[in-house]
Amino acid sequence: MSTDLLWLCTLAVFVLPVYCQTGNPVEGELDSAANTTGTRSAPTLQFVIVVSRHGNRAPVFDFPSSPYQSDDTNMWPNGNGELTQSGYDQMYKLGKKVRALYDGFLDQTFRPEDFKALSSTSGRTLQSAELFLAGLFPPRGFQIWNKDLLWQPVPVHPTFLDHYELVFLNEKPLCSRFREAQEDALMETENLNNSSLVNNGIPLTEWASKLYPEPLTSLVEKFYYASAVGSLDQIKYLEGEMFQEMVRLMQSKANGTLSPDTRMYFYSGHDCTIMGLMMMMLKNVEDKIGFVNTGSALIYELHQDPQSGSFYVQVLYIDGASPNLEPSAVNIPSCGSPCDLHQLLNITEEYYNITDWEEECHVIPPMPSLGEEEESKERNLTNEILEIGLVFP
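Those letters in the sequence shown? Residues -20 to -1, 1 to 373, by mature numbering (1 follows the signal peptide of the UniProt record, and there is no 0).
Incorrect hints may have been included.
Claimed, not checked - Distance ranges between label pairs, derived from CB positions: (1) 308 / 336: 17 to 25 Å; (2) 127 / 344: 36 to 44 Å; (3) 344 / 286: 47 to 55 Å.
Unchecked claim - Think about it this way: if two alpha-carbon atoms lie no more than 27 Å apart in a straight line, the pair counts; the simulated DSSO-like pairs of lysine-lysine are: (4) 233 / 202; (5) 202 / 127; (6) 233 / 96.
Quick caveat, the hints were computed from the structure, so don't treat them as lab data. Note that the structure is predicted; figures quoted are calculated from it, not measured. Every residue gets a Cβ at the ideal spot worked out from N, C-alpha and C, and that includes glycine.
Kindly generate the complete structure, drawing on both the sequences and the hints.
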């Protein structure tokens, strides 16, 4: 690898985590008054699934000469990789926005039979789920247990179907099928480095601003997609099991067999979670949505036609960097928007048709514990790999 390319790779690690596309919290009044009907609460609406990316966070990896070191507690008081204050605000407002969209369809009183929240086991996604729920379900009436604290506990259940950790080269156990597909995809793209954009209002240095956002963003974006969702196998083993569960929920709702008869599911995930789900529908990387900003959400609405009784799905996307978090329709090639439920399932079947994930993935079991010297060598190797090509979702 040339010196220039190494310099560019390392620059990406430094620049992207500390640059702010949207330095200020999302503006706009997102409150919904009591007993109102949300803008998406149509009579045809039967079921909703919301998948979000966590809120803004501190960087987890930095350039040695960066003035914004990840271990600087003055800059990042919550610690490296943890949600920032703007991340708190971002997820809380996303919850309020979803309330404004689906008020009336989703009761303002939390009931576990109506709503279920799930999250990956990452700390930032669990916190993001809690903040989202604080905006979605502010306590009312009998649910107010402390008049000075307008918050109520809403359960967040762990999900192990979002295999976001596969994107990391140093995670074990390894999915051989994913790793092989990832290596093939990376062979076809530039050897660049990327760390997820974290919008924390920090200005770029003068020299860095000449390269960011362009041309660096476009080059890193290309590598990003290749490393995470560059092929069918990558998408399948990354998010196939999660989408399989979503398919089961929509089919059960349409068949009248969903028990309990839940109205909304919420998943708190990562950028690669949304990327994988989106690419199942878009197919071609040319149709990709670009970087998934923190606080973004992908929404699946299941509707029933009152005349024919058939079911269709309207897919929406909320860009976490947009001023008012207004959802936009996702046009699915060869299906359109909205898309017939059965047609959508046929289009995406190759991604979620999984019987035994571990067996099909060719999982390599974790290696026995290494000695101190071997562990040190592995850490050094991992750091070298990270410097030339890994995403931190």
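Given the hinted pair residue 233 and residue 96, is their alpha-carbon gap at most 27 Å?
-> Status holds; Cα separation ~14 Å.
Status of the given 36 to 44 Å range, CB of residue 344 versus CB of residue 127 | Once the Cβ atoms are compared, 55 Å apart, the range 36 to 44 Å for residue 344 and residue 127 is violated.
Take the C-beta atom of residue 308 and the C-beta atom of residue 336, compute their distance, and say whether it sits inside 17 to 25 Å.
-> Violated: the Cβ-Cβ distance is about 37 Å, outside 17 to 25 Å.
Distance restraint between residue 202 and residue 127, which requires alpha-carbon spacing of 27 Å or less | This hinted pair is violated, its Cα atoms lying about 50 Å apart.
For the pair supplied as a hint, residue 233 and residue 202, confirm whether the alpha-carbon distance does not exceed 27 Å.
-> violated (38 Å)
Measuring from beta carbon to beta carbon, are residue 344 and residue 286 in 47 to 55 Å?
-> At 51 Å between Cβs, range holds.
Taken one by one, the earlier hints fail for this structure at numbers 1, 2, 4, 5, listed in ascending order.
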